[in-house]
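A.B. asks: These are the residues of each chain, in order.
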Amino acid sequence: MEKYIEKLENIFKQAKQEIEEIKNLKELEEWKIKYLGRKSYLANFSEILKNLDLEERKKVGEFYNQTKEKLEKIYHQQKEKLSEEEIEFDFYHPGNQVYYPTLTLISSNLKKIIEIFQNMGFIIIDAPLIVSEYENFDSLNMPKFHPAREMWDTIWLKEPRNYLLRTHTSAFQVPFLKKYKPPIRGIVPGKVFRFEATDSRHDFEFYQIEGISVSENSNFSHLRYIFEEFFDNYFEKKITLRFRPSYFPFTEPSIEVDISCVLCNQRGCSVCKFSGWLEVAGAGMIHPFVLKEAGIDSKKFQGYAFGTGLERLIMLKYQINDIRLLHSSDLRTNEISS
Amino acid sequence: MKFRVRDLENYFSQKLNWKEISEILTDKAFESSYNNGVLEVDILANRYPDASSFVGLAQEIAALIESKIKYPIIKIKEGKEKINQFIKVKNKTAKTPFYFGRVILGVKNDKSPTWLKELVESYGFNSVNFIVDLSNFVMLEFGAPLHVFDLDKIKNKEIIIREAQKGEKFIALNNNFYSLQGGEILITDNEKILALAGIIGSKEAEVDLNTKNIFIEAAVFDPATIYKTSRSLKITTEASYRFERMVIPQRSLQALERLSFLIQKNIGGKVLKGRVFLGKIDKTKPIEIDLKRLEKFLGISVNFNQIKKFLSFLRIKLIKRKKDRIQVLVPEDRIDLKNEEDIYEEILRLYGVNNPKRVFEPPSHSSYVDESFTFNYKIKTYLKELGFSEVYGYNLISIKDYEFFKSILEENQKPIEFLNPLSENYTYFEFTLLPNLLKSCSLNQKRFKDLKIFRLEKVAYRENNEIKEFYNLCLLINKKEPFEILKELKTTLNYLLAKFNINSDIIFESKNCEFSDPFALGFLFDKEFLKIGLIKRKLLEVYDIDYNVGFMEINLNELKKVSTSYKRFEYWGDYPEITRDLSFYISKNYNTKKIIDSFEKLKIKNLKKTILLDIYFPHDFPDKKSLTFKFIFQSPEKTLTEEEVEKEFQKIKEFVSKTFEAQIR
Numbered sequence: 015m016e017k018y019i020e021k022l023e024n025i026f027k028q029a030k031q032e033i034e035e036i037k038n039l040k041e042l043e044e045w046k047i048k049y050l051g052r053k054s055y056l057a058n059f060s061e062i063l064k065n066l067d068l069e070e071r072k073k074v075g076e077f078y079n080q081t082k083e084k085l086e087k088i089y090h091q092q093k094e095k096l097s098e099e100e101i102e103f104d105f106y107h108p109g110n111q112v113y114y115p116t117l118t119l120i121s122s123n124l125k126k127i128i129e130i131f132q133n134m135g136f137i138i139i140d141a142p143l144i145v146s147e148y149e150n151f152d153s154l155n156m157p158k159f160h161p162a163r164e165m166w167d168t169i170w171l172k173e174p175r176n177y178l179l180r181t182h183t184s185a186f187q188v189p190f191l192k193k194y195k196p197p198i199r200g201i202v203p204g205k206v207f208r209f210e211a212t213d214s215r216h217d218f219e220f221y222q223i224e225g226i227s228v229s230e231n232s233n234f235s236h237l238r239y240i241f242e243e244f245f246d247n248y249f250e251k252k253i254t255l256r257f258r259p260s261y262f263p264f265t266e267p268s269i270e271v272d273i274s275c276v277l278c279n280q281r282g283c284s285v286c287k288f289s290g291w292l293e294v295a296g297a298g299m300i301h302p303f304v305l306k307e308a309g310i311d312s313k314k315f316q317g318y319a320f321g322t323g324l325e326r327l328i329m330l331k332y333q334i335n336d337i338r339l340l341h342s343s344d345l346r347t348n349e350i351s352s
Numbered sequence: 031m032k033f034r035v036r037d038l039e040n041y042f043s044q045k046l047n048w049k050e051i052s053e054i055l056t057d058k059a060f061e062s063s064y065n066n067g068v069l070e071v072d073i074l075a076n077r078y079p080d081a082s083s084f085v086g087l088a089q090e091i092a093a094l095i096e097s098k099i100k101y102p103i104i105k106i107k108e109g110k111e112k113i114n115q116f117i118k119v120k121n122k123t124a125k126t127p128f129y130f131g132r133v134i135l136g137v138k139n140d141k142s143p144t145w146l147k148e149l150v151e152s153y154g155f156n157s158v159n160f161i162v163d164l165s166n167f168v169m170l171e172f173g174a175p176l177h178v179f180d181l182d183k184i185k186n187k188e189i190i191i192r193e194a195q196k197g198e199k200f201i202a203l204n205n206n207f208y209s210l211q212g213g214e215i216l217i218t219d220n221e222k223i224l225a226l227a228g229i230i231g232s233k234e235a236e237v238d239l240n241t242k243n244i245f246i247e248a249a250v251f252d253p254a255t256i257y258k259t260s261r262s263l264k265i266t267t268e269a270s271y272r273f274e275r276m277v278i279p280q281r282s283l284q285a286l287e288r289l290s291f292l293i294q295k296n297i298g299g300k301v302l303k304g305r306v307f308l309g310k311i312d313k314t315k316p317i318e319i320d321l322k323r324l325e326k327f328l329g330i331s332v333n334f335n336q337i338k339k340f341l342s343f344l345r346i347k348l349i350k351r352k353k354d355r356i357q358v359l360v361p362e363d364r365i366d367l368k369n370e371e372d373i374y375e376e377i378l379r380l381y382g383v384n385n386p387k388r389v390f391e392p393p394s395h396s397s398y399v400d401e402s403f404t405f406n407y408k409i410k411t412y413l414k415e416l417g418f419s420e421v422y423g424y425n426l427i428s429i430k431d432y433e434f435f436k437s438i439l440e441e442n443q444k445p446i447e448f449l450n451p452l453s454e455n456y457t458y459f460e461f462t463l464l465p466n467l468l469k470s471c472s473l474n475q476k477r478f479k480d481l482k483i484f485r486l487e488k489v490a491y492r493e494n495n496e497i498k499e500f501y502n503l504c505l506l507i508n509k510k511e512p513f514e515i516l517k518e519l520k521t522t523l524n525y526l527l528a529k530f531n532i533n534s535d536i537i538f539e540s541k542n543c544e545f546s547d548p549f550a551l552g553f554l555f556d557k558e559f560l561k562i563g564l565i566k567r568k569l570l571e572v573y574d575i576d577y578n579v580g581f582m583e584i585n586l587n588e589l590k591k592v593s594t595s596y597k598r599f600e601y602w603g604d605y606p607e608i609t610r611d612l613s614f615y616i617s618k619n620y621n622t623k624k625i626i627d628s629f630e631k632l633k634i635k636n637l638k639k640t641i642l643l644d645i646y647f648p649h650d651f652p653d654k655k656s657l658t659f660k661f662i663f664q665s666p667e668k669t670l671t672e673e674e675v676e677k678e679f680q681k682i683k684e685f686v687s688k689t690f691e692a693q694i695r
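First to last, the sequence lines map onto chains A and B.
Per this note's numbering, residue 15 is the first one in the first sequence, and the count goes up by one each step.
Per this note's numbering, residue 31 is the first one in the second sequence, and the count goes up by one each step.
Everything hinted at is true.
Reference listing, derived: stretches of chain B covered by chain A, where coverage requires no fewer than 3 residues with Cβ under 8 Å from a Cβ of chain A: (1) 75-89; (2) 366-380; (3) 452-465.
Cross-link-like lysine to any residue pairs, in silico, SDA-like; alpha carbons within 25 Å at most: (4) B:K517 with B:T622; (5) B:K590 with A:E129; (6) B:K408 with A:S342; (7) B:K49 with A:C283; (8) A:K192 with B:E499; (9) A:K172 with B:K430; (10) B:K125 with A:P157; (11) B:K590 with A:S121; (12) B:K414 with A:Q111; (13) B:K58 with A:Q280; (14) B:K436 with B:E487; (15) A:K172 with B:E440; (16) A:K314 with B:E325; (17) A:K306 with B:Y374; (18) B:K326 with B:Y381; (19) A:K172 with B:Q211; (20) A:K172 with B:N494; (21) A:K158 with B:L74; (22) B:K414 with A:E349; (23) A:K314 with A:N155; (24) B:K368 with A:D152; (25) B:K326 with A:F303; (26) B:K58 with A:R281; (27) B:K488 with B:L554; (28) A:K251 with B:N384; (29) B:K414 with A:R346; (30) A:K193 with B:I497; (31) B:K624 with B:I694; (32) B:K58 with A:E242; (33) B:K264 with A:E147.
Every beta carbon over 12 Å from chain A, so not counted as near; a handful from chain B, in silico: (34) N156; (35) P361; (36) E441; (37) T594.
Don't read these hints as lab results, they were simulated from the structure.
A virtual CB, placed ideally from N, CA and C, is assigned to each residue, including glycine.
Whole structure, please, built from the sequences with the hints as guidance.
C.D. replies: If you want it as structure tokens, here you go:
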């Protein structure tokens with residue numbers, strides 16, 4: 015009887031020793047076959063038990079059962095251990111190569127700009143690209159043969175005559191003020207077209223953002239607030255503004271708007287030509303002529319208007335040095351768009 | 031305009047720091063820079079008449095630094111003989127509001143001394159001779175162009191100012207020959223054209239070294255006429271540039287006197303008594319200013335003494351004051367100052383345009399965004415979700431693009447064509463976004479196995495002579511398998527329709543199309559809103575595209591009309607759904623839409639929904655197509671049994687086999 019118990023003890027000892035050496039599931043399965051499989055010593059132990067008397071059978075049987083349970087237990091323990099170790103993962107794995115669809119920088123930036131102005135109470139209006147000579151020029155205090163018209167070289171329609179591709183979003187000032195009576199403030203974003211040679215800074219089409227505010231009070235200090243908030247929010251940093259006197263036939267007084275260089279923070283760089291300033295917008299108080307054209311009493315109402323170029327802002331923000339890259343339909347341009 | 035500062039220094043008694051001056055100018059008047067003795071000033075268009083000259087700019091600088099200028103010396107010794115015995119001038123056109131002149135006899139013209147030669151050359155003129163160079167110098171000094179004629183070459187000593195007839199010929203000083211269009215202003219004698227007024231002289235009365243007697247012309251010509259003539263004949267001169275921007279009559283008169291003085295002083299001659307003086311110089315009218323309004327307009331508060339000081343620097347006379355109202359008189363050379371707001375600008379400049387501090391003005395209405403922006407942006411994000419990328423595109427297309435795609439336009443629709451196109455690549459406004467999208471496809475195809483791109487832009491055309499301008503969406507898939515392309519386009523369309531809650535069915539009408547095959551138009555509520563198809567091979571070659579291209583172009587105006595931003599909730603029911611699939615072959619000629627519709631008319635009990643799962647064309651039966659439908663049964667009252675459903679499904683099967691001679695698979 016003792017010898018059987020000793021035999022079982024030895025088997026277990028050996029099995030335990032071996033299982034601790036095992037490094038993979040395949041070896042573990044071999045181990046299992048060896049000690050718990052059909053041909054194993056334990057599997058055929060009933061034959062041995064049969065030949066023992068009742069007392070011994072009971073004792074040895076109990077020991078056999080314990081041994082079997084212990085073997086199964088270490089098998090499962092080892093299996094669990096090995097299974098866990100089996101999943102190896104390098105967290106520098108690149109993941110799957112997926113293509114991320116994108117919108118153009120123009121779309122995503124225009125969205126942001128619209129939101130900024132919307133938050134400041136502006137209505138956002140879409141206006142036609144093809145307009146009359148009256149809307150683009152005459153209504154803005156630029157009669158025929160006015161040299162100021164040369165600031166906006168024009169692509170004219172063959173038919174109908176005296177129609178053109180708007181050269182600036184200001185073409186919608188008078189229609190806007192006729193449609194939305196003051197007090198009103200609004201933004202008109204969209205494409206404009208110029209009869210102009212193309213280079214790294216100029217293209218024959220580009221986006222402008224026109225702003226108009228007319229009320230009994232709208233003035234330069236309000237304009238300054240709007241500009242400061244807009245540029246701070248758009249560039250996501252503190253921007254300093256500089257106004258300079260300027261001239262537009264449809265504003266009086268007129269100003270040019272410079273912002274502190276967003277690239278060098280006024281330490282001086284090639285983009286700001288070491289001046290620390292970047293010219294980004296034109297603005298002014300709406301000329302009484304324009305208000306009159308819109309049927310507004312210029313003694314009662316007053317207001318400001320401004321215009322800025324979307325591409326210029328995008329190029330500064332993302333540091334793109336050629337407008338033709340922004341206007342190429344190459345999808346690589348989109349990649350930084352969110 | 032570039033100034034040598036030594037030419038400006040003559041008008042100041044004090045020494046100036048030009049670096050500082052350029053900064054003050056930038057802040058308060060014109061963007062300027064100073065380098066190596068040269069002051070570059072970007073004179074604003076409305077200030078060109080008064081400030082684009084030595085005297086004018088000096089005056090502006092003096093105002094900004096609170097100083098005064100030394101005015102140029104004019105001391106003419108007039109002779110006893112009267113001018114009208116030597117020259118008569120007749121003005122026959124309203125396009126010459128002012129015409130002044132002087133006659134000097136017995137001048138000894140010569141080459142210019144070095145200082146003068148250098149001066150005119152550094153402002154871009156060729157040095158010609160003493161008289162001509164002096165006249166250019168005085169133009170720079172006062173900003174008013176002058177023209178000197180050889181008096182002896184003027185026939186009958188009579189000048190006639192008139193408008194040109196169409197077809198008249200003119201040979202300019204530069205020997206170029208011009209055929210006139212009519213309406214140009216001409217300075218003539220009885221026989222010859224002496225000058226194309228305000229632009230360029232002729233050789234006929236040219237001043238040379240032999241010239242003894244001269245007539246000096248100082249004038250103001252109609253800016254619009256000079257502008258037109260200069261553009262149509264393509265001649266731009268210093269004079270034309272200035273006349274276009276308006277010349278101030280007083281300055282013109284001063285320039286005449288100054289030149290007469292300088293000629294007499296430097297090369298002698300007898301200045302005749304009197305002047306040619308045609309035109310009447312109006313006195314400037316007083317402008318009334320409301321100081322309270324000024325503060326409200328500019329967002330500043332200024333005190334009266336400060337304003338008084340600013341006005342005096344600007345040579346603006348304060349003539350009356352009544353509480354908050356003042357009356358001022360502007361100097362005669364500031365023709366840009368016409369109304370109250372113009373004076374505000376002057377005060378703001380001197381006060382400093384950066385002085386009004388930021389103030390928030392509360393809005394008096396709620397904000398909203400034009401539907402087209404929100405709608406368009408939604409579409410863009412939906413397409414992004416489906417793996418499409420947006421590409422930028424120009425709105426203009428070439429003659430070639432137009433030729434390939436003109437069949438898109440209907441009989442009463444004409445393209446928007448340009449009078450002065452940038453080039454033949456940009457001759458028309460897009461009426462379809464497809465050509466420029468194909469160009470983008472060609473550009474991007476190498477880097478993508480399955481390229482999916484779109485554009486959302488405005489298109490335009492004329493319809494019955496009215497301009498139509500609206501947003502289109504065009505999307506394009508570029509890959510090998512044409513069937514897969516078209517299927518994916520349909521998937522995309524379904525997604526968009528679902529997103530905009532458009533439940534109604536689209537009617538497709540297959541058509542022959544010049545650039546696409548297969549090709550169909552899509553209709554919603556009888557309105558065409560969609561074009562869909564595969565681009566023909568020959569066109570793909572033109573646009574240099576490998577593989578196949580499928581496209582879908584949607585008129586967003588029409589789509590927007592039928593879309594809603596939300597829809598009614600539909601409960602899915604208490605009892606389970608039971609489904610049956612049915613596939614059958616049917617003659618190719620049957621319209622699929624009619625088959626779908628026919629199930630609805632069948633009145634099958636508890637049939638909740640019929641879904642078309644697939645259509646394909648079997649190789650074995652070339653005249654057939656295979657349709658697969660899914661039928662969903664559900665009762666609102668109880669759980670249906672298999673038998674109940676099977677009974678109804680049999681009816682459908684029988685109907686299909688009988689009505690369409692279908693072979694059920």
